[in-house]
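Engineer: Given next are the chains, with one letter for each unit.
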Amino acid sequence: MIRVDNISKRYGDFLVLDKVSLSIAKGAKVVICGPSGSGKSTLIRCMNYLAPHDTGVVSIDGVEPKNRRSCEAVRREVGMVFQNFNLFPHLTILENCILAPMMARKLTRAQATERAYQYLKRVHISEQADKYPTQLSGGQQQRVAIARALCMEPKVMLFDEPTSALDPEMVGEVLDVMVELAGDGMTMVCVTHEMAFARKVADQIVFMDKGQIVEVAPPEQFFTAATSPRAKTFLSQLQH
Amino acid sequence: MAFDSSVFFGALFSTAFLNGALVTVFLALLSHGVGILISIPAALYISGPPSLLRWLVKGVLGVLRGAPTLLQLLFVWNALPQFFPVFREPWFSPFLAAWIALSLNEAAYQTEINRAALGAIDPGQKAAGVALGLTRFQILRKILLPQAVRVALPSTANEFITLLKITSLASVISLSELMSVTSRAVATTFQFTEYYAAALVYYLVMVYVLVFLQSRLERRLVWNTSAAAAAPGMLQKAMAFYRRS
Ligand SMILES: Nc1ncnc2c1ncn2[C@@H]1O[C@H](COP(=O)(O)OP(=O)(O)OP(=O)(O)O)[C@@H](O)[C@H]1O
Ligand SMILES: [Mg+2]
Chain R
1 MIRVDNISKR
11 YGDFLVLDKV
21 SLSIAKGAKV
31 VICGPSGSGK
41 STLIRCMNYL
51 APHDTGVVSI
61 DGVEPKNRRS
71 CEAVRREVGM
81 VFQNFNLFPH
91 LTILENCILA
101 PMMARKLTRA
111 QATERAYQYL
121 KRVHISEQAD
131 KYPTQLSGGQ
141 QQRVAIARAL
151 CMEPKVMLFD
161 EPTSALDPEM
171 VGEVLDVMVE
181 LAGDGMTMVC
191 VTHEMAFARK
201 VADQIVFMDK
211 GQIVEVAPPE
221 QFFTAATSPR
231 AKTFLSQLQH
Chain B
241 MAFDSSVFFG
251 ALFSTAFLNG
261 ALVTVFLALL
271 SHGVGILISI
281 PAALYISGPP
291 SLLRWLVKGV
301 LGVLRGAPTL
311 LQLLFVWNAL
321 PQFFPVFREP
331 WFSPFLAAWI
341 ALSLNEAAYQ
351 TEINRAALGA
361 IDPGQKAAGV
371 ALGLTRFQIL
381 RKILLPQAVR
391 VALPSTANEF
401 ITLLKITSLA
411 SVISLSELMS
421 VTSRAVATTF
431 QFTEYYAAAL
441 VYYLVMVYVL
451 VFLQSRLERR
461 LVWNTSAAAA
471 APGMLQKAMA
481 FYRRS
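Line by line, the protein sequences give chains R and B.
Take the first sequence: its position 114, counting from 1, is numbered 114 in the numbering used here, and each next residue is one higher.
Take the second sequence: its position 240, counting from 1, is numbered 480 in the numbering used here, and each next residue is one higher.
Don't read these hints as lab results, they were simulated from the structure.
Some hints here could point you the wrong way.
Simulated crosslink set (SDA-like; lysine to any residue; CA at most 20 Å straight-line) [stated by the list, open to error]:
(1) R:66 with B:376
(2) R:131 with R:90
(3) B:382 with R:109
(4) B:382 with B:287
(5) R:131 with B:423
(6) B:366 with R:90
(7) R:66 with B:405
(8) B:405 with B:423
(9) R:19 with R:214
(10) B:366 with R:170
(11) R:155 with R:115
(12) B:366 with R:51
(13) R:121 with R:170
(14) B:382 with R:37
(15) B:382 with R:69
(16) R:26 with R:14
(17) R:66 with R:102
(18) R:106 with B:287
(19) B:382 with R:102
Go ahead and model the full structure; you've got the sequences and the hints to work with.
Structural biologist: Take a look at the structure:
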């Protein structure tokens, strides 16, 4: 589904990604974790060309876009959920959900609205459709952001720390939605430090440090028998 | 010397004053209209990565903002015909000269307002649009501009109020707007107080009608109640935050 092949990226002199390779199969649930500044966000942003990589190849479903137009086309197949939700504050919840399907998928308003309600129901928030984002709690906003991405019916969903801007009591409702989504067979790549979620949903944990992938392992193996010392240090810090 | 209210009311309801006020309003509206039309692409352009042409455009805008508006008016009226013979034709009226000068001047200020408004939008908004597969133009039209308009609206309305007052400078190029009508009346009768008071009434009515329209518009555009509560009051809006000229 997503193939990341030997990509590197610099910000000035700083090497954010250092020859990273990763392959994500259809239906896979991959959790990326690692210390702050290790390049997790950058890697996941490379997967929809939001952050262009300098060298290497990123292909989605075998397609490697060469120009802006094909980048835009590929992005329609890749949903993304941000740490800060990034809902459009001047639009209602419903309008947030129908904007891209109407503009980029050329659905009619009626079709897009029907689809929006379908996904808003799926994240248990359809009764808030006519409100504005600021009228919702953080947890509700993030669920709307998930619905907005799903309305494009993407082949894969990327999550960048979807719960770390939330008050603790709202983390559960968002993770529940993500668990349901995983249960429906969605291909998911998720940067998160919610290890209980990772254990429950992930079939692979990718551990990053200093711009490199240090370890890739199934959750049980990662949590109980991580091989690299850096992953061990990271895990011991998470306990605290 | 007493206040002669018959002179005051005579001036207030004279066609000369009414026409002067209309010229003032039209000049302000047309200048701001053209200024806004220029300023939107200008703001988008100068927000891009630095280049030689961008520096040049920023330089021109800086000159237009830095030079006194009076100087710009006089320049367009007196110096432009010297450089370009077309402007020596009779169609080049004081109104046209004032319109050109104030439009350019206003475009420069409005560009700054728009640029700040665009810059105030969280970069996450654009990222969300990009991630949804929207094109750059769609992101601009549906996500960035609608939000920038809301941010820019209070400053833009203040700018218009300032502009309305600044049109009085066009009296120096003999445009018959409200202030020169007033000055002419004063020059023949020496009844300063009555005529100035009548002009004052006109300016205040125009400004407060604008302030009222502005607050109506803002309330319609506000998308959350907390922002509406934090919006400044009528009086603060009326006192345009800086003076030029
Ligand atoms: N636009 C940018 N310009 C310059 N440096 C950047 C930029 N974006 C990220 N960086 C740097 O790249 C490094 C990796 O950033 P990244 O956001 O990918 O880390 P992360 O693993 O997601 O960290 P966190 O857990 O804090 O989110 C950081 O040191 C960061 O300062
Ligand atoms: Mg990050």
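Engineer: For a quick check of understanding: which of the numbered hints are violated here, in increasing order?
Structural biologist: 5, 7, 10, 14, 16, 17, 18
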